[in-house]
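Asker: Take a look at the letters that make up each chain.
Number of protein chains: 2
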Amino acid sequence: MSSWKTLSRRILLSHSKYLTVEEHSVELPDGRVIDNWPWIITPDFVNVVPVTSDNHFLLFRQEKYAIDGLSLAPVGGYLEAGEEPLHAAQRELLEEMGCAADEWVHLGSFKAGANRGIATGHLYLALGAQRVAEPDSDDLEEQERLCLSEREVEDALLNKEFKLVPWAANVGLALLALRRRR
Amino acid sequence: MSSWKTLSRRILLSHSKYLTVEEHSVELPDGRVIDNWPWIITPDFVNVVPVTSDNHFLLFRQEKYAIDGLSLAPVGGYLEAGEEPLHAAQRELLEEMGCAADEWVHLGSFKAGANRGIATGHLYLALGAQRVAEPDSDDLEEQERLCLSEREVEDALLNKEFKLVPWAANVGLALLALRRRR
Chain A
1 MSSWKTLSRR
11 ILLSHSKYLT
21 VEEHSVELPD
31 GRVIDNWPWI
41 ITPDFVNVVP
51 VTSDNHFLLF
61 RQEKYAIDGL
71 SLAPVGGYLE
81 AGEEPLHAAQ
91 RELLEEMGCA
101 ADEWVHLGSF
111 KAGANRGIAT
121 GHLYLALGAQ
131 RVAEPDSDDL
141 EEQERLCLSE
151 REVEDALLNK
161 EFKLVPWAAN
171 VGLALLALRR
181 RR
Chain B
183 MSSWKTLSRR
193 ILLSHSKYLT
203 VEEHSVELPD
213 GRVIDNWPWI
223 ITPDFVNVVP
233 VTSDNHFLLF
243 RQEKYAIDGL
253 SLAPVGGYLE
263 AGEEPLHAAQ
273 RELLEEMGCA
283 ADEWVHLGSF
293 KAGANRGIAT
303 GHLYLALGAQ
313 RVAEPDSDDL
323 EEQERLCLSE
333 REVEDALLNK
343 EFKLVPWAAN
353 VGLALLALRR
363 RR
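So the sequences go chain by chain: A and B. Heads up: the first sequence begins at 1 in this note's numbering, then just goes up one per residue. Heads up: the second sequence begins at 183 in this note's numbering, then just goes up one per residue.
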């Protein structure tokens, strides 16, 4: 937490495992108190950009309820209760793509909302990704699997074809981290 | 929206201009209905990475309530009622940095949450940024202004010093877009 002090917190809405809303009483460094600061709790998540040993990116073209039309997307999903982020990333890569990877690069763990919290997103680059099983995803959305070159992925990113903030972050970080390693 | 159909929506929590929570009844393409899909509405926002004509990045080091410790950050803020995203980006750059820019590159408008919506973040790169006034921000947080080289910014990004998902997305996209233009 910041040097802002949480004086108290109460639950305004306990919807489900997908959403709790709290209201915090917060004291600022200058002594002011804001007593109705909304705070949102949704499940933490992972996103993974899998890259094969011949430098192809394994991605989806899919729908999501909040997104207009189709979007390109990395692998992703919620952490299960008590699950370590890296384990969740490896589990999702196996479930959604049927893949394992040789080397995992943690690109960062980022808060989704500066003021409301919302969730922590753990972003990964999975190197040496390779098919080891049939995909077995329980996702509600239909997904098309794609295998794109690095140039195609960068073009798509700059062309706004990854339509979610954490997906754009994950792909941008993956491209920069890959080039830094060369 | 996706091919998922919103059958009905009702407000569960009307907190303030900062937060409304709805519950949607949603029909999936295969005919299944989910009648308690939570949907979060918070203000849309802009983030801006300002770069000077000699290729220095104007950034903040600051606190945010949801973030542990200090973070590097681009310019950012909420859209005002009815405001165009580009106008909000230009207003925030002037208020927070006292700067105007010669050229504005729209890096994308991204949803924050794939399932819950949450907000749309409009991300910009502002080229030829220059001081034209004294900063006059009404932000609650204390901010330190920084002027970093492109290499310093990339190092900080890969070192996880931008601790928010949209900030990492904005900086990553800005670096890739800058290089593409050369």
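Among these hints, one or two may not hold up.
Unchecked claim - Derived CB-CB ranges, DEER-like:
hint, chain 1, residue 1, chain 2, residue 2, range
1, B, Leu330, A, Leu28, 46 to 54 Å
2, B, Ser291, A, Leu86, 13 to 21 Å
3, A, Pro135, B, Gly251, 20 to 28 Å
4, A, Pro43, B, Ser190, 35 to 43 Å
Unchecked claim - Among the chain B residues that face chain A by a calculated CB cut under 8 Å, a handful are:
hint, residue
5, Lys187
6, Arg192
7, Ile193
8, Ser207
9, Val208
10, Gly280
11, Ala338
12, Arg363
As the list claims (entries may be wrong) - Think about it this way: if two alpha-carbon atoms lie no more than 27 Å apart in a straight line, the pair counts; the simulated DSS-like pairs of lysine-lysine are:
hint, chain 1, residue 1, chain 2, residue 2
13, B, Lys199, A, Lys5
14, A, Lys160, B, Lys187
15, B, Lys187, A, Lys5
16, B, Lys199, A, Lys17
17, B, Lys342, A, Lys5
Think of the hints as simulated: they come from the structure by calculation, not from any bench. The model shown is predicted, which means the values in this text are computed figures rather than measured ones. Note that the Cβ used here is the ideal one computed from N, Cα and C, for glycine as well.
Asker: Please list, smallest to largest, the hint numbers that this structure does not respect.
Answerer: 1, 2, 3, 4, 5, 6, 7, 8, 10, 11, 12 and 15
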